[in-house]
Amino acid sequence: MTMDWHASFMLSTPLAIRAIELLFAWSLSIQTLEYLRMRPATQGNSLWVWSIQRQDVPNQWMRKFLDSLFMPQAFTALLVLRLLALVSLVFQGCHLLNIGFLFVSNLALLIRWRGAFNGGSDFMTLVVLTGLLIAQVVSHFSSSEFGWRAGFWYITIHSITSYFMSGSVKLLQREWRNGSAMTIFLNAAIHGPLGSGHWLRKPWLATQSSWAFMVWESLAPLALLDARLAVLFCLIASLFHFLVFWYFGLNRFFWAWLATFPAIIWCAGQI
Amino acid sequence: MSVYWVIGYFLVLVLTLIYKTPIVSGPWLFLLRSFFPNWKFFHAVGYVPHLYARAGIVNATGQLVWTDWVHLYPHAEQKFWHLFHNPKTNLGLAQQNLIDHFWADLNDAPEGCDPRSFVSYQMVAHFVAGVLHNLYPEHTHNQFELRMLLDNSAETTNTHVMMTSPEEVRT
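Each protein sequence line maps, in turn, to chains G and C.
The first sequence begins at 1 in the numbering used here and counts up by one.
The second sequence begins at 1 in the numbering used here and counts up by one.
Hints may be right or wrong, so weigh each one.
One-sided and incomplete, this derived list gives chain C residues near chain G with beta-carbon spacing under 10 Å [stated by the list, open to error]:
1) 115
2) 125
3) 129
Bear in mind the hints are in silico, worked out from the structure with no lab data behind them.
We put the CB at the ideal spot given by N, CA and C, even for glycine.
Pulled out of the complex, with its shape left as it was, chain C reads as follows:
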């Protein structure tokens, strides 16, 4: 009898691949989304959001000069003992997850919406300000950009800018 239950369960799983349920959203559902896992990891290849930032520095003649764009993408060393303790890598992964959520917020936003009202935008802006403060302590302005990168197995084949923040004066 139990074998039939397993077969039935297998069939239900196959059906869930075909039947698409409507997406339900809300602030509490977002915060408690771990109760509704979808178990789809690394499944679709496509454009991936990447964060870039630059600092503005007022030079000796009083002119605002911008640095090159810095790619804020996490990197971590590969070590066996990280299997047991890996805070730096996990923070890097969480950072990139936030960038994914920021992209999703922008993507779902209605036309004309000010993205500065998003929590994800404010978190990214706060993070960028902190990173630029460490990289360029004397900077006076900052700006960030969300770029969408499309990779094939050898290189990045296409890039476009999804959003550029206003030039912000350092507070």
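Next comes chain G alone, as it looks inside the complex:
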């Protein structure tokens, strides 16, 4: 008997759909619960008061609508409704109503935080949400299989592109090639400068680590050539995102990118 190693790494469409629904619901729940805890930062003497930020909105009627939406009680209700939509995503799966609501409310949240709260994780969250919306809308007008194919490829192309762009632009920078950029960014990170004896202060180690991640990220498109490569790529990516969380405090990045992995593995299995 011969074992088909390739087939054992391929993700079936129903399994990929369930995996992305659960991972995305988890990722968005973490974000939404954090937004609930952050409400004091949007009031009183705090930085994110809407009375100043509202000037960013160019249309008068939209400004008035957002004034109502971002009143403390309405904003809390919006976040609670998002949690309910996420519960529905976990137990009932994707449908146009829960994904449509999450998409529209996500746009409102982005505006509340001047376009992005946490940069990259907001971008990737929106990518997955748009992919899920594409899957629902296309399924509505065509077959469900075609809809999910479109959604998964949309997410995969964005996710793979994010690794490639992030790695290759660093390869073009001298400070990344000689390893000094990693130490500089880590010193300026929110957890404070690296300790004097920290292993990443050793130039040769910082250089090797920088090169390892830059090359790995730049080769990300190759993960699409084989489902086994895609699984390996996602395992390394999980470690990479955990290290980014650990050193830069970016927990949302970890979950936002993890939610794209079922799509990557599914797409690699289709080639």
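Assemble chain C onto chain G, guided by the hints.
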């Protein structure tokens, strides 16, 4: 056939590194910029904007005395469970993002423009007033500065002041 699509996609990505597209801007594009991610994280080393603030207190002889400049840079503890719930750190990161946007607004501003009209300026001024109120409840004046710091892997090697706000009377 699909393999050729992947190779083609890879080549398109390489081309995007070489070909620079013009920058399009506008208020709605700014608010909805998450639809147009550039995926360039921590890529360039250089000057980084940092916010400093100080409070003025009128002493017993009626003289205005300024405190030392306070560096308003976010710090957070490193904990494993922050992987699941991390509001304080994320707020700190968002604060520093705002400082970056404030710097970008100043940098792009035409000559002679009053930065007080920027939303980012007003947000920073409001934030500074709140922080100084907590640190020095009796203060009567406040002022902030945006300084550009250049670091190497061991220390800050150069600093210059990009903007100093007027001395504001506490409201």
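Which numbered hints fail: Failing hint: just 1.
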